[in-house]
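Student: Sequence:
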Amino acid sequence: MVELKKSDADLNSTKWQVLLYLKKLKEKGIIRKGKIEVIEKKKQDKKIHYVELTQEYEEELDKLLLDIEKFLSSEKPPIAERSSKCKKCAYYEYCNI
Numbered sequence: 000m001v002e003l004k005k006s007d008a009d010l011n012s013t014k015w016q017v018l019l020y021l022k023k024l025k026e027k028g029i030i031r032k033g034k035i036e037v038i039e040k041k042k043q044d045k046k047i048h049y050v051e052l053t054q055e056y057e058e059e060l061d062k063l064l065l066d067i068e069k070f071l072s073s074e075k076p077p078i079a080e081r082s083s084k085c086k087k088c089a090y091y092e093y094c095n096i
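Those letters in the sequence shown? Residues 0 to 96, per numbering that gives the first Met the number 0, in order.
These are calculated hints, taken from the structure and not from any lab test.
Every residue gets a Cβ at the ideal spot worked out from N, C-alpha and C, and that includes glycine.
A hint or two may mislead.
[To be verified] Simulated restraints on C-beta separations:
1) E80 / L10: 33 to 41 Å
2) K42 / A89: 20 to 28 Å
3) K23 / I47: 16 to 24 Å
4) A79 / Y49: 30 to 38 Å
5) Y93 / T53: 27 to 35 Å
6) Q43 / L10: 14 to 22 Å
7) C94 / K25: 28 to 36 Å
8) R81 / E55: 27 to 35 Å
9) K40 / A79: 15 to 23 Å
Using the sequences and the hints, build the whole thing.
Tutor: Here is the structure:
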């Protein structure tokens, strides 16, 4: 499973994205390892990061998915917490309507 990115700005989020894909594949009986390839515009070479779904990651994903389900079923959204990361976030405009 390969995920291509233009930038390594938020590799941690990308890692969890790939881990979720690997978990979904595993649920269908397909066991794979993941790879994140970062291809930056002005650089010739690409960075490669390998990702493997371990038992610990799978347990953490289960917790995160439960948190997401609770969030989606709640009547009110939580109060937005401002962070220095916010302006770079893809969801910035949704939090700051």
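Student: The structure should be examined with respect to each hint, and the outcome stated for every one.
Tutor: Outcome of the hint check:
1. E80 / L10: 33 to 41 Å: violated, 22 Å
2. K42 / A89: 20 to 28 Å: Because 23 Å falls inside the window, the suggested range holds.
3. K23 / I47: 16 to 24 Å: Cβ of K23 to Cβ of I47: about 22 Å, so the range 16 to 24 Å holds.
4. A79 / Y49: 30 to 38 Å: holds, 34 Å
5. Y93 / T53: 27 to 35 Å: holds, 32 Å
6. Q43 / L10: 14 to 22 Å: holds, 20 Å
7. C94 / K25: 28 to 36 Å: At 32 Å between Cβs, range holds.
8. R81 / E55: 27 to 35 Å: holds, 31 Å
9. K40 / A79: 15 to 23 Å: Because 32 Å falls outside the window, the suggested range is violated.
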